[in-house]
Amino acid sequence: MQRFSCPFCGLRDEREFHFAGEAGKTRPDTTQDVSDKEWANYLFFCKNTKGPTREIWVHTTCQEYFIMERDSVTMEVLGTTAMRKDTA
Amino acid sequence: MTGHRIGTRGLLDRSKTLSFRFDGKTYQGFQGDTVASALLASGVRIFGRSFKYHRPRGVWGAWFDDPNAIVDIKHGGVHYPNCQATMTQLVDGMEVRSVNAWPTAQKDLKGILDLAQRFMPAGFYYKMFMWPDWHLFEPMIRKMAGIGTLSADVQDDFEAAILHEHCETLVIGGGPAGLTAARAAAKAGKSVLLIDDHPDFGGSSYRYPNDAAEGPSYWVAEQLSAIEDAGGRVLSSTTAIGVYDHQAVSIVTDRGLGTAPVVRKLRPDNVIVATGAVDRPVTFSNNDRPGVMSLDAGAEFLARFGVLVGQQIAILSNRPDAHDVAAQLENAGAKVDLLDPKSDPAKAIGYRNLKGVRVAGHTYPCDTILASAGLTPLVHLWRHAGGKLDWDEGRQTFVPSTGPDWMRVIGGANGTYERSAVEEEARSAALNTSRPERHVYSISPLLPNTKNTEGRQWIDFQHDVTLKDVALAHRENMVSVEHLKRYTTLGMAGDQGKTSNIAGLAAMADLKGQRIPEVGTTTFRPPFVPVPLEAYRGASRDTQVAPLKRLTLEPEHRALGAALGEYGGWLRPAWYGGDDEQSAVASECKIARDAAAIMDGSALGTIEVIGPDARAFVNFVYYNTMSNLKPGRIRYGFMLTESGLVFDDGVIACVDETRFIISCSSSHADAVMAHLENWRQDSFDPDRVHIHDTTQNWSTVTIAGPKARAIVDALGVLDTLDDFAHMTLRFGAFEDVPARVARVSFTGDSSFEVSVPNSAAVRLWQRAIAAGKPHGAGPVGAEALVVLRAEKGYIIVGKDTEGETMPHDLGFGAPRLRKSAAFVGDRSLHTENANREDRKQFVGLSVEDGEPKLPIGAHIVTVQNGERRSLGYVTSSHDSPTLERPIALALVSGGLGAMGQPVEIYHMGKTRRATITPSCAFDTEGARIDA
Ligand SMILES: [Zn+2]
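Chains as they are written, first to last, in my numbering: chain G, 1 to 88; chain Z, 1001 to 1931.
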């Protein structure tokens, strides 16, 4: 069982989290022409990096999505950041 | 008598005699015995038959490293299959049976298989049983192979407790290394937990009773009390089964036969692994004969149980301390030959009874062979934690190298056997000082000789894998060790290759002309020893995993005699009154069509979308256009996944520009909520749109049928029901609480969903039932509703749709072609696949007059080139009480373009005929909905 740190709730068990996707993907503007290839890339292809990765996870108990940087080999969590913009 | 009890040695309570039966015969043992030690003490040698060839097998190891002696046990009316005789504590009155043996291990009728062995080499199953069909052979093989049998005498309430604990230093293994480390760590102020899988701490301490003046038991007791005095804790009969991510360790405490284990999960700051080492078998001809045991087993049975395993013992080992064991055995009264094992394989002589061993041309008479090709450190936990291994040429085995800094491996597990070196390592690990150099230790190699595969030289006892099998795998180009493992099944038995792996690797390396480290090892995975599944599950099952959702109106339903059932996580009324489901459902359908159904609709998911961007949000997450949904109006729609697949269906009501109410399938509310949350945070400003699941705040009473309007009128929720059209929403009050009424229909009849806060639910329900009675209306459960829906061809997502269904397959194609705004899944609806004409589409099926209903899952088939091919299948099928004929819904390739066409239905070898129809079978004009 891994432990991740939700930026809002702190250190919690892995079972409270879901993986949502690799960070950095942008949904193509579907009101414009989107090629099959572009759409397939968006839908199905990921980098699946060996080593440090940047991913989006959700803490299911507070429902907040956040960025987690972690090492996919050592399972070490390098850091977590809220996706929210600052509302100072 | 070969094995027998001697003197007073051992950790037994000899004042307590226990009686038990093995294969029908009565034996005696002492409190503290294992099944294996008690049988060995009684002279029993054959414990069972081997898995594949039914060779007679005895005991190899004295503890978890024994691959052979697996037995079935009956005790207290409960049957325990797959017990290791060497690890099972003897209990008075237990009934023990050998496995793979019929009628008994001594006399096995299937032993004839052994003679046929040359026809059963590695990969035999794969090769022989592929044609024509493995399933023809499977029942026979399953019956003949397999270890133990399952019985119906399942024990109730066998539930493992899972506890979460903490300590600073966890010491795994309570032998000389672990005891020393735990004592030093506790003394240094650490909170220490020391565990050992034996009932008694001490590990290998007992084997050499002369190395401490007061004896090993005294030394062990002294260490334990020092640990506890310093605040440390100790747990015996406790095994660390695995080390998991982020420093988690699971330890399992065995509480004896019939009592579920206790599992503890910890994340210690430091873990000290002192798990010791086990003997590797020597690969020689007939090395699986009963009476061939590990060197340490000979020493352990003597030390712990006072059992001398033989009278005339040949020791075949390269271990430098073999003479210490020999001296112990001689002291106890055995005659011992310490033989020099040669590279030319030895041969055991004798079938059921060992008669001698042939080494380098000489035959030595013996009744027991103690063999060891060296010690294999138990590095499993180190590997679980990500630690690396190095091949150690001197030790002829893998030893820990680099790894996590929070784990230290000491003693035998680190390849360190010399007592003072062990203690130095233990103290260094306890105080976390720099790791001492590994001391020099060297044995002469004693590896399988692949140049001489004569006779039958066993590598894996439990799975009956021989040196020849490894050679065959190599000839057939199984080049990687992972291939070797799967092809021969070496190391895949319950013991996971604890004793067999090194010999298997060595043989493979030799055949490939490589060094052993070049061949590499297979992966070490938890659990370290087999544990009951309950150890993983704990109390996490049924409602402990997914708590049942309960309706506010449940007592009302019970009062009306409802049969309650689980639907999508909710406990809901299935039907009312009586045990006869069929007639209850039929009469409820009739009530619904003739008068009105009064239903508890509270389980339907209700999610509110609120905020200035709410409209844009719902327009994006729905397939259907929601940008023009006016306040007070309701629209039916689909949510899709980004792959264009139907994710959920339901209605959405617009309250005003900034507030929408989504209804989703009751079983799907959590998933829909997560789906919406995802898009809200991904593609919208989360401060401008909020979503909120209000399912459990409101109760809904749905009244549907020709008399619905009159009944709802009597509730007085709205001043008037005039001009209250289908698919609109109004707000009112029920007595003192706010209420809303939605005109939405799941039955095809005029329908009103009246929602109130839970506090008023009971009053509303009782008023509706009372108001309905004069009209002939009454309560209707979930089963009848399913039939009423199906009559109208209304889909149930997940039942009438599958993992490829897109909305246009259901006849809802317009938004795909016309909606201009972006929405989830839009682009996926225009791929080559989405445009195919032979997509499975949603249709109805009718059968000929007088025919029974179609089975759900039956295939719609076509015959092409003499071969039957499926075009789809039946998804829903009912006897419609309304139409007085069977109805069915189906997904059929190209079905929407095949209305009126006859089709062939195939199910379980029978063919029937049906006709493709529109999905709606009742009131096809839709006249009743606004009645
Ligand atoms: Zn959180």
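Since the hints were derived computationally from the structure, they do not count as laboratory data.
You may find that some hints are simply not true.
[Said to hold, decoys possible] DSS-like, lysine-lysine: derived pairs with alpha carbons at most 30 Å apart:
| no. | chain 1 | residue 1 | chain 2 | residue 2 |
| --- | --- | --- | --- | --- |
| 1 | Z | 1819 | G | 37 |
| 2 | G | 25 | G | 37 |
| 3 | Z | 1388 | G | 47 |
| 4 | Z | 1819 | G | 25 |
| 5 | Z | 1342 | Z | 1468 |
| 6 | Z | 1265 | G | 50 |
[To be verified] One side of the interface only, derived from the structure: several residues of chain G facing chain Z at Cβ under 7 Å:
| no. | residue |
| --- | --- |
| 7 | 1 |
| 8 | 4 |
| 9 | 34 |
| 10 | 37 |
| 11 | 63 |
Every residue, glycine too, gets a C-beta built ideally from N, C-alpha and C.
*Kindly indicate which numbered hints from before are broken by the structure, ordering the numbers from low to high.*
When the structure is compared with the hints, numbers 8, 10 turn out to be violated.
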